[in-house]
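Novice: Those protein sequence lines, which keep their order, are chains V, S, P, H and E. For the first sequence, position 131 matches number 139 in our numbering, and the numbering has no gaps at all. For the second sequence, position 179 matches number 187 in our numbering, and the numbering has no gaps at all. For the third sequence, position 273 matches number 281 in our numbering, and the numbering has no gaps at all. For the fourth sequence, position 22 matches number 30 in our numbering, and the numbering has no gaps at all. For the fifth sequence, position 308 matches number 316 in our numbering, and the numbering has no gaps at all.
It should be emphasised that the hints constitute simulated quantities derived from the structure, not laboratory data. It is possible that part of the hints are untrue.
What the hints assert, rightly or not - List time: in silico EDC-like cross-link candidates among lysine to aspartate or glutamate, alpha-carbon distance up to 16 Å:
(1) S/LYS344 <-> H/GLU278
(2) P/LYS158 <-> P/ASP34
(3) S/LYS109 <-> S/ASP216
(4) S/LYS320 <-> V/GLU278
(5) S/LYS109 <-> S/GLU182
(6) H/LYS320 <-> S/ASP216
(7) P/LYS344 <-> V/GLU278
(8) H/LYS204 <-> S/GLU278
Below are the chains, spelled out letter by letter.
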Amino acid sequence: MAPGTLVYTGNRQSAPSNVHTFWYDDHTFSEKPGFAPEICPLHQGTTWVDIRSLTDAGPIEQTGAYFGIHPLALEDVLDTTQRAKLDEYENGLFFVLPNLKFDPTVMELQSEQISFFLGKNYVIAFQEDPDDTLHAVRKRLQEGLGRLRKKGADYLTYSLIDAVVDNYYMVLDEIEAQLLELEQGLYQHGDAPQSKALIFNMKRVVNDFRHRMLPLREAVTRFYRTESELVEDANRLYFRDVLDHVAQILDSIDNQRDILANIEALFQAEASNRLNNVMRLLTVISTIFIPLSFVAGVYGMNFDNMPELHTKHGYFIVLGIMFLLMIGMLGYFRTKKWI
Amino acid sequence: MAPGTLVYTGNRQSAPSNVHTFWYDDHTFSEKPGFAPEICPLHQGTTWVDIRSLTDAGPIEQTGAYFGIHPLALEDVLDTTQRAKLDEYENGLFFVLPNLKFDPTVMELQSEQISFFLGKNYVIAFQEDPDDTLHAVRKRLQEGLGRLRKKGADYLTYSLIDAVVDNYYMVLDEIEAQLLELEQGLYQHGDAPQSKALIFNMKRVVNDFRHRMLPLREAVTRFYRTESELVEDANRLYFRDVLDHVAQILDSIDNQRDILANIEALFQAEASNRLNNVMRLLTVISTIFIPLSFVAGVYGMNFDNMPELHTKHGYFIVLGIMFLLMIGMLGYFRTKKWI
Amino acid sequence: MAPGTLVYTGNRQSAPSNVHTFWYDDHTFSEKPGFAPEICPLHQGTTWVDIRSLTDAGPIEQTGAYFGIHPLALEDVLDTTQRAKLDEYENGLFFVLPNLKFDPTVMELQSEQISFFLGKNYVIAFQEDPDDTLHAVRKRLQEGLGRLRKKGADYLTYSLIDAVVDNYYMVLDEIEAQLLELEQGLYQHGDAPQSKALIFNMKRVVNDFRHRMLPLREAVTRFYRTESELVEDANRLYFRDVLDHVAQILDSIDNQRDILANIEALFQAEASNRLNNVMRLLTVISTIFIPLSFVAGVYGMNFDNMPELHTKHGYFIVLGIMFLLMIGMLGYFRTKKWI
Amino acid sequence: MAPGTLVYTGNRQSAPSNVHTFWYDDHTFSEKPGFAPEICPLHQGTTWVDIRSLTDAGPIEQTGAYFGIHPLALEDVLDTTQRAKLDEYENGLFFVLPNLKFDPTVMELQSEQISFFLGKNYVIAFQEDPDDTLHAVRKRLQEGLGRLRKKGADYLTYSLIDAVVDNYYMVLDEIEAQLLELEQGLYQHGDAPQSKALIFNMKRVVNDFRHRMLPLREAVTRFYRTESELVEDANRLYFRDVLDHVAQILDSIDNQRDILANIEALFQAEASNRLNNVMRLLTVISTIFIPLSFVAGVYGMNFDNMPELHTKHGYFIVLGIMFLLMIGMLGYFRTKKWI
Amino acid sequence: MAPGTLVYTGNRQSAPSNVHTFWYDDHTFSEKPGFAPEICPLHQGTTWVDIRSLTDAGPIEQTGAYFGIHPLALEDVLDTTQRAKLDEYENGLFFVLPNLKFDPTVMELQSEQISFFLGKNYVIAFQEDPDDTLHAVRKRLQEGLGRLRKKGADYLTYSLIDAVVDNYYMVLDEIEAQLLELEQGLYQHGDAPQSKALIFNMKRVVNDFRHRMLPLREAVTRFYRTESELVEDANRLYFRDVLDHVAQILDSIDNQRDILANIEALFQAEASNRLNNVMRLLTVISTIFIPLSFVAGVYGMNFDNMPELHTKHGYFIVLGIMFLLMIGMLGYFRTKKWI
């Protein structure tokens with residue numbers, strides 16, 4: 009496929025796009041379904057175009073053409089294999105990040121690609137899923153709560169990114185819960201095969217999570233340090249705040265990796281411990297009974313001339329000796345703490 | 009939750025805030041409970057507001073408003089999941105670090121979040137716990153000992169951070185003690201299960217400690233290198249001193265990690281050694297008695313025509329052969345150093 | 009061999025060179041087999057010389073002489089052990105990268121060296137294999153599709169590199185497929201020896217792939233950041249796009265390495281689990297029958313005076329006791345979940 | 009303890025300080041016991057104050073006061089837990105490094121803290137131990153050998169540091185000797201427990217050594233690159249020379265770590281090999297004799313009607329079959345290379 | 009030993025120095041044994057002094073004095089434990105690197121130290137061994153082949169370094185051959201002890217090789233980036249070429265390390281597989297015959313009242329049951345793929 013064609017590459021089912029246009033400044037707020045730039049006075053207030061579902065490239069092309077977005081950025085919107093990144097274009101900043109959910113039934117991180125184009129006085133948000141990850145921000149805008157209406161497009165972008173980053177904490181919590189369960193299961197059931205599979209799956213999930221957060225840290229760092237005029241100096245602090253969150257999440261992931269490695273070591277120690285116990289039992293039983301059986305075997309021989317066989321108490325003496333041997337062995341194993 | 013709301017996110021029980029205001033210069037020292045900025049002449053001497061317990065956001069908001077502290081900094085004060093960091097604001101430097109204690113009964117690092125806001129002529133200290141980690145500094149101020157009264161707010165901040173960092177050495181010592189105990193236990197009891205659990209827990213604690221110190225090193229480095237005018241060049245040396253301490257602590261932690269890895273390897277070697285010993289005993293016993301039992305079995309067969317059975321000394325000859333076989337085997341195992 | 013001699017060092021069979029010259033601008037496109045610089049108006053439009061098969065150094069020397077390419081660059085074209093790199097010369101940029109294919113029958117990455125020399129208004133492409141990896145770009149040029157004809161030599165270079173990088177995704181997909189098969193085979197056949205060999209081979213392939221991508225990332229980064237005037241600022245974005253792709257591929261490779269490590273750990277756990285099961289069976293059988301055999305041995309002794317032997321129900325009582333012992337043992341092993 | 013108190017924190021026994029003052033230029037050399045700045049003409053020649061034993065803070069305070077050394081530097085002199093470092097003060101450079109000895113009887117690195125304060129025309133050396141690590145330099149000064157008397161205080165500092173660094177090579181050599189012994193012991197005694205303990209201890213020593221050299225490299229690098237006027241440009245080369253030595257030592261340590269890891273892997277392979285051999289013997293013996301014993305057991309049954317028992321050669325035929333079985337088994341194990 | 013004494017520290021046997029002086033420019037070439045600066049017109053053409061064998065410090069001191077080489081450089085020439093490095097002096101560049109050979113009989117990298125001092129119009133080469141590693145360059149000079157005579161002292165230095173670096177490829181090839189042999193041996197003989205020793209030795213060699221190449225990369229990078237006027241800008245490219253080679257070699261070494269790690273993992277899997285097979289045989293034999301022996305033991309008891317013994321077909325029925333049990337067990341093990 010030649011560079012430059014706009015085709016959705018993800019695996020979501022085809023769905024009609026769900027587009028909304030918002031315009032606000034400190035005093036007013038207007039909202040219209042569909043792509044409606046006509047409600048947005050130029051060079052004044054902030055416009056937010058919210059596009060959900062990427063299977064239909066039409067509205068994306070239309071919006072891109074209206075705002076003059078570079079074709080490479082539009083291709084990245086539709087190519088859902090993107091790592092998190094910030095690309096600076098002449099007329100705006102393009103930011104991609106994944107929205108993550110942890111599905112405990114299939115033990116998999118599910119990813120939705122969300123991207124933002126921050127231009128002068130406007131933000132365009134592209135969400136892969138039709139459900140709205142950004143509804144909290146929209147609600148705050150509608151209700152005029154917080155700082156949101158008093159600030160510009162850069163603060164809006166921060167709020168949108170922050171809403172996505174908040175979801176990562178939920179993923180962290182769910183992984184935490186699984187790890188706790190794993191640990192308890194290990195103490196209860198030892199090295200059960202299902203624990204092994206769970207460890208395997210959790211390692212895959214945590215590694216996957218980490219591989220997605222590492223480029224995000226880089227991308228947010230670049231947002232915080234960008235020299236673009238689209239981010240006001242006073243609002244730069246908010247991006248530093250996002251950066252702190254991502255760093256915190258990466259710390260927690262590293263911690264979880266350590267814990268998983270620890271759990272795996274425990275699992276192996278448990279398995280080797282069980283093997284030890286099994287072998288110990290075998291050895292105790294064999295060591296006690298094999299010599300005794302030998303003695304019995306000796307007196308089961310059919311030699312004509314075996315004087316002991318014909319003594320009156322021979323049998324009982326041999327039984328007694330066997331009994332003493334057994335007691336001695338048991339004592340020996342007890343001092344060795346094997347039984 | 010929208011960015012901008014001031015809510016305590018930790019797990020301490022609700023408690024009334026304990027606020028004190030101090031003011032001093034080279035000659036005078038005054039102190040008043042509660043937030044009392046009226047005792048602090050402007051642009052002269054140094055003011056320290058000490059706020060303990062964060063469950064009530066009231067005094068924090070009040071102090072923040074009085075000194076014009078940025079809302080993001082106030083949010084960070086109350087969000088107790090912060091990594092150590094230095095944030096520079098227009099009117100001050102915001103520094104967060106954890107105060108750590110090691111609780112050997114639950115084998116856990118317990119963390120209290122402490123943060124400082126260093127402004128022009130003033131420092132605000134926020135402690136999560138009601139007990140006073142910073143009492144040593146307060147006492148030195150009251151008694152006018154050392155350099156403290158002769159220097160400004162930057163030196164006070166250094167003293168406060170230093171007081172928290174001093175506690176880390178106590179954590180180090182307690183971990184050291186546990187490691188020593190672990191090592192001795194290993195030599196005494198071998199691969200006992202409780203050793204394994206202790207290794208597991210100590211690894212978790214040391215990893216946790218390290219994950220908390222790494223961002224602290226970065227934060228202190230930034231304090232030492234800050235270009236803010238709030239830190240006098242002559243006092244910069246003191247922050248370098250703190251940096252040295254944190255680097256020392258990280259070195260010790262890395263050393264402890266190496267020791268723990270070493271102990272774990274010993275533990276596994278011990279377990280595999282025991283398995284070896286168990287198998288060796290089993291093999292010695294089996295190798296000696298299984299052939300002997302076979303010989304006895306042969307002479308226990310009921311064939312009519314077994315000439316040996318009817319010789320006069322057959323029984324004793326067989327017994328003698330068995331005895332020699334046993335002696336030979338034992339000698340063989342002795343040369344192999346198995347017994 | 010002295011530096012400065014032009015000899016092909018690869019292992020391809022000698023083949024005649026296949027050279028084509030293309031010239032185009034926005035309106036015209038001409039094409040001629042062989043090296044034909046006469047069709048290329050100077051300082052106008054873009055010339056592309058495409059040289060396939062490197063066993064004959066003749067056309068390479070001829071082209072190099074015509075365009076004044078530095079001898080070191082020509083040597084690198086023919087030395088097929090190059091890592092990916094960008095070398096800046098006074099009159100042009102020299103870029104090498106491998107074209108990779110994964111051959112699942114021999115479990116090996118097969119590499120063809122491709123290099124480009126980007127000069128003022130011209131690009132020379134050197135391909136080691138006679139088949140044409142770059143045919144897609146040539147076709148787009150011929151058909152005048154996309155941006156290609158409207159842009160200069162730098163964009164052409166980007167398109168050519170991008171065509172090679174696209175092949176890496178196919179390698180990724182094939183490795184992915186092998187990993188999936190490995191995982192399924194592990195769940196079906198356990199620790200079969202063929203799985204071990206496959207893990208071994210896949211690790212070699214993935215490591216090899218990674219060792220080739222690491223220098224490529226560096227090389228593309230330098231292309232994107234080059235201060236050479238041969239890359240227009242507006243086209244720099246396209247090289248950033250290639251960089252994103254390479255970073256994505258490296259991320260995927262790292263992920264695959266993690267998955268392979270995980271699979272290997274599973275494989276070992278599987279093997280140790282089987283050993284455990286084997287030992288368990290041995291122990292169960294031995295522990296049940298060795299004591300019973302001992303009892304039988306006792307009553308097989310030939311003492312004259314063994315009163316039990318002469319009781320009426322002695323045999324049945326002993327059989328009953330043996331049966332109860334066996335039941336007891338089986339119950340014990342069942343509570344231990346060994347059977 | 010408040011910052012600013014001068015107390016020795018090491019574990020050496022209290023001993024009187026041993027102080028000497030030296031003064032020299034190209035032509036003259038004078039020496040006096042005790043702190044005697046009166047023998048040192050100002051702004052001329054070089055003064056060296058050599059202080060041994062730190063348990064008595066008196067002379068340190070006195071010297072510090074005379075030369076105006078910053079209190080933080082004096083505290084660092086007495087706090088013997090310092091990592092190697094270079095601190096730049098307004099009037100001088102403060103350098104700390106450990107003097108190391110390897111004690112093979114307790115398998116421990118023993119560390120003595122040595123620090124230098126290089127000021128304008130003077131050097132103060134602080135040694136923790138009463139014995140004189142720096143006697144070689146003092147001797148060269150007294151005898152006027154080499155470049156020492158012709159150069160200034162910076163060259164003297166270099167010579168002193170170099171004398172300490174020379175000791176590290178002796179530690180390296182002693183570790184090398186231990187590793188050689190370990191390797192030979194491994195080939196001679198296999199996985200003896202004392203080898204395991206030795207590996208454990210050597211890993212601790214080598215890790216400890218490495219943790220001490222890493223900050224030293226950093227400190228010497230900073231000395232070599234310092235912009236302080238106290239180091240003449242022409243003498244900078246000498247500090248680069250020390251840096252080379254430290255880098256060499258770190259290389260050797262890394263090599264020793266690799267060798268130790270290798271030895272540990274060998275040790276484990278050896279242990280697992282022994283287990284294999286033990287199991288093999290057990291299996292050979294059991295596999296040969298258990299079936300034979302079964303055959304003997306069959307003919308030991310007491311059925312009335314067992315025709316074989318009453319044939320003339322039955323016994324010898326069974327013995328022959330047993331013998332052939334045994335030979336066959338032995339042959340089988342021999343082809344498998346088990347015996 | 010005081011810094012500043014010129015003593016050879018290597019382990020080569022004392023041998024007379026072999027010194028040659030060459031002088032050339034584009035048109036002329038003259039050559040004289042011994043140190044003969046009188047043949048070299050000043051400020052014109054290029055002089056090369058070639059010194060072989062370092063046991064006699066005489067010629068080195070003489071040459072050093074003539075060209076005014078810094079004593080530290082001369083000491084480094086004679087101290088054969090140097091890591092590769094570039095040191096810049098006022099009047100020249102001093103470069104050290106090891107010439108490596110792999111000796112397969114003792115499985116060791118053998119190192120000869122070679123150093124160069126590049127001054128204005130002259131190069132001095134110091135070789136530790138009496139045999140001439142640089143003869144290829146000398147021959148090219150004598151025959152006036154290639155670019156060598158047309159270029160200055162910097163290009164000569166490049167050619168000399170390149171000649172040494174070429175030898176590394178031979179080491180790489182020999183290691184490659186050993187690894188191939190190792191792999192094949194593993195497939196043929198499994199976990200034979202000699203394979204283990206070979207793995208151990210190859211790891212030591214590859215690690216050693218890597219530890220020597222890492223500083224070389226750094227040194228060559230500094231040569232390529234030096235701001236010294238002794239390296240012409242046009243010739244800088246050649247040092248970049250050497251850098252490419254060293255990077256390639258390091259890549260290959262990393263690859264070989266991965267392969268060795270892989271082989272070691274295979275080796276361990278092989279050993280654990282063999283243990284599994286051994287245990288499986290033991291278990292199969294034991295599980296089949298121990299119960300059968302028990303049955304035989306039961307009917308070997310001497311109770312008076314054992315009705316089965318007196319039935320006509322009792323013996324054959326028991327034999328039949330034993331046979332069926334054995335068949336059943338064998339079938340069970342076959343379905344489990346144990347036999």
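Novice: Go through the numbered hints given earlier and state which of them the structure violates, listing their numbers in rising order.
Specialist: 4, 6
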